[in-house]
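Chain order of the listed sequences is A and B. When we follow our numbering, the leftmost residue of the first sequence carries the number 3, and every step to the right adds one. When we follow our numbering, the leftmost residue of the second sequence carries the number 3, and every step to the right adds one.
If you're looking for bench data, these hints aren't it; they were derived computationally from the structure. Only a predicted model underlies this, so the values are computations on that prediction, with no experimental measurement involved. Errors might be hidden in some of the hints.
Counterexamples of contact, computed for chain B against chain A with all Cβ distances above 12 Å [said to hold, decoys possible]:
(1) Thr-4
(2) Ile-44
(3) Lys-77
(4) Glu-94
(5) Gly-99
(6) Val-104
From the derived model, a few chain A residues whose C-beta atoms are all more than 12 Å from chain B [unchecked claim]:
(7) Ala-51
(8) Gln-238
(9) Met-300
(10) Gly-426
Pair by pair, the computed Cβ-Cβ distance ranges are [unchecked claim]:
(11) Ala-24/B <-> Thr-310/A: 36 to 44 Å
(12) Leu-111/B <-> Glu-282/A: 39 to 47 Å
(13) Gln-201/A <-> Leu-111/B: 53 to 61 Å
We put the beta carbon where it would ideally sit given N, CA and C, even for glycine.
Below are the chains, spelled out letter by letter.
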Amino acid sequence: MTDDATAELERLRAALRKADDERLDALDELERLQSQHDVLENVLFGLEAEHEQARRVIEETQRELSASYERLSRLKAQQDEMLASLSEGLLDIGPDGLVGPNHSRAALELLGRETVAGIHFAELFPTTPRTAAQIREFIDVAINSEYASAEMIAAINPLREVDVEDARGRRTLSVRFNRFLSGGTRHLLVVISDRSTEQKLAAEIQERTRERLASIERAHAMLMAPPATVRDVAQQASSLAASLSHGLASKRRDELQVAAHAVKGDARAIGLEAVAGLMERLEDLLDRDAPHDVIKSMAEALDAEIDTDLALLDRLTALRETGTGRQANAILAVLAACAAREAEATGTLVDVKWSSELDASLDNELFQLLRSALVALVRNAVAHGAEPAEKRRLRGKPDVLCIQVAFKRADDEVVIVVRDDGRGVDWESLRREVVRRGFLRSDEAATLTRDDLEELLFADGMSTHDGVDASAGRGLGLAIVRQIAKQLHGQVVLESEHEVFTEVTLRVAADRLRRSLGRDDRQLTRKIS
Amino acid sequence: MTILVVDDSAMMRSMVRSAIQAYGSTTAEIIEARDGEEAFQILRSRSIELLLVDWNMPRLDGVALVQRVRASGWKSPIVMVTSVHDPAKALEAARAGVSDYVTKPFQMLDLWNRISKFIT
């Protein structure tokens with residue numbers, strides 16, 4: 003029994019040990035699982051943190067992205083606005099000759115098109131096939147030539163001035179090309195501007211100038227001829243006109259031809275150019291047996307011309323009768339004519355204004371001297387003062403160069419002032435010129451005062467003007483004026499501000515004027531001499 | 003620097019020479035050739051920094067010379083000085099490799115203004 007009990011106890015003990023072991027094992031297992039859970043929890047936490055960070059990054063990137071989108075669209079709007087507000091047509095041409103996507107609204111308006119992007123530039127102009135081919139080749143050379151300079155591109159530009167006509171009307175465009183690099187490839191920036199208004203203005207001014215020139219030349223010619231002779235010739239021309247309009251039957255054509263020839267010669271001799279011109283045409287018409295109505299209308303033109311001439315002659319005679327003789331005003335008239343002619347020859351537009359406070363008559367010698375001086379000064383003003391209209395506009399000046407010529411009376415002096423609102427003297431460039439011509443070393447030139455520089459302008463052969471032509475720009479103009487001033491015991495002074503004005507003042511003592519007149523003013527002459 | 007002036011007219015060569023000497027460099031060496039062939043031989047034998055070339059010349063004309071010179075890899079500036087005024091012809095010159103184009107008759111100062119940018 004005891005044995006049984008002992009055995010039973012032993013079995014129970016063993017079972018207890020086993021249960022204990024199992025419990026320990028289970029605890030171990032629990033612990034393992036616990037730590038595994040911890041690890042997983044850690045991992046999870048890490049992932050969450052990473053995820054959070056990623057989310058932040060994404061958000062930030064999105065914010066940045068939308069900011070730059072905003073910036074970009076703002077820039078694009080600015081660019082569009084800029085392009086739209088430009089009055090000049092602006093577009094770019096890519097290496098293949100095709101127009102790029104960006105262009106100003108004015109480009110479309112000027113070219114009269116809905117769109118230009120993606121079209122070959124040569125096709126934007128309604129031209130003949132030959133010129134289209136020329137434009138195509140020009141674009142190719144302008145973009146791709148390795149050697150051609152900007153000046154060369156400008157010189158071979160076939161579209162410097164091009165007439166365009168379409169539903170919107172006729173206009174003259176000026177197209178300029180500038181090369182630039184974009185993304186490593188060559189492009190052309192094209193600037194298109196409308197020159198029609200400018201051209202119309204230029205034509206108008208030229209027409210006005212021509213009219214003024216004609217009337218001034220006529221006045222000048224008449225001033226030089228005795229009034230009786232002018233009247234006589236006008237009378238002959240007038241009676242010729244009368245017999246023409248009364249029908250040719252009264253006189254034979256060959257007689258009329260002889261008369262017309264005679265009047266032509268006389269008219270030309272005394273400077274009635276317009277009458278002489280009409281006579282020449284008349285001679286020609288008679289020679290060709292022109293129909294009567296043609297000759298009659300010629301007679302009417304002749305009558306009108308003679309009326310104008312006679313009216314002018316009356317005014318001039320009235321002027322003479324007031325005892326002023328050949329007035330300073332006549333010189334000014336000649337000068338205005340000279341300036342206009344000068345301007346026309348160089349293609350510059352000039353507005354000559356003149357005023358005179360002078361009532362003394364001038365003798366012929368003095369007249370010639372002052373005339374030469376003034377011609378030189380006005381020429382100088384045109385040659386050195388002229389600037390492109392755009393440049394003048396930038397400086398707030400009117401488009402056309404204004405030259406003011408004034409005769410003034412000051413105490414015992416006669417003062418002649420020629421002032422232009424042109425580009426003025428570039429004193430620094432003059433300083434460099436002196437060195438370049440080898441007159442002075444650069445350290446010597448640096449010490450020159452404004453007075454020295456002014457003095458230099460009067461020296462023979464000095465000029466800062468970069469174009470030399472037959473009439474001015476040789477730097478001789480001022481030398482001539484100084485020479486004349488010397489001859490008249492006068493003075494000449496130049497004042498100028500770069501890009502604002504140039505003013506030359508010539509002063510001559512009034513007694514010199516009287517003496518050369520030889521007038522009966524001996525007391526004064528004696529007092530002075 | 004050395005400048006080569008190519009023209010079949012001795013008068014034109016001397017005018018171009020005077021323009022350079024009067025307005026610009028007095029130190030530049032100026033050598034002359036009477037036609038394209040002679041010019042090409044000179045270009046092969048010595049170093050030239052600027053080439054001034056007439057268009058109409060015997061043996062080898064200006065454009066042909068420019069084409070040959072550019073084909074040989076010569077990269078310095080070439081100025082064409084010519085009485086040919088046709089814009090289409092000027093375009094032809096540009097295509098051949100001319101750097102600038104001056105038409106005759108010219109004022110010496112104008113010529114100088116056009117070529118001075120190439121003269122050091």
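Going down the list of hints, with the structure as the test:
With a closest Cβ-Cβ approach of about 19 Å to chain A, Thr-4/B is found to remain outside the 12 Å limit, as its non-interface label requires. Even its closest Cβ contact with chain A, about 20 Å, leaves Ile-44/B beyond 12 Å, as expected for a residue assigned away from the interface. Not every CB of chain A lies more than 12 Å from the CB of Lys-77/B, the least distance being 8 Å, so the non-interface label is violated. For Glu-94/B, the requirement that its beta carbon stay farther than 12 Å from each beta carbon of chain A is not met, with the minimum near 9 Å.
Non-interface status of Gly-99/B relative to chain A is broken: a Cβ of that chain comes within 12 Å, the nearest being about 5 Å off. Its beta-carbon lying about 9 Å from the closest one in chain A, Val-104/B breaks the requirement of being farther than 12 Å from that chain. For Ala-51/A, the non-interface assignment is confirmed: its Cβ lies about 64 Å from the closest Cβ of chain B, beyond the 12 Å cut-off. No beta-carbon of chain B comes within 12 Å of the beta-carbon of Gln-238/A; the shortest separation is about 47 Å.
Every CB of chain B is more than 12 Å from the CB of Met-300/A (nearest about 41 Å), matching its label as outside the interface. The Cβ of Gly-426/A sits about 21 Å from the closest Cβ of chain B, beyond the 12 Å cut-off, so the non-interface label holds. For Ala-24/B and Thr-310/A, the hinted distance range of 36 to 44 Å is not satisfied, since their beta carbons lie about 51 Å from each other. For the hinted restraint 39 to 47 Å between Leu-111/B and Glu-282/A, the CB-CB distance of approximately 41 Å keeps it satisfied.
Checking the proposed 53 to 61 Å range against Gln-201/A and Leu-111/B shows it is violated: the Cβ atoms sit about 29 Å from each other.
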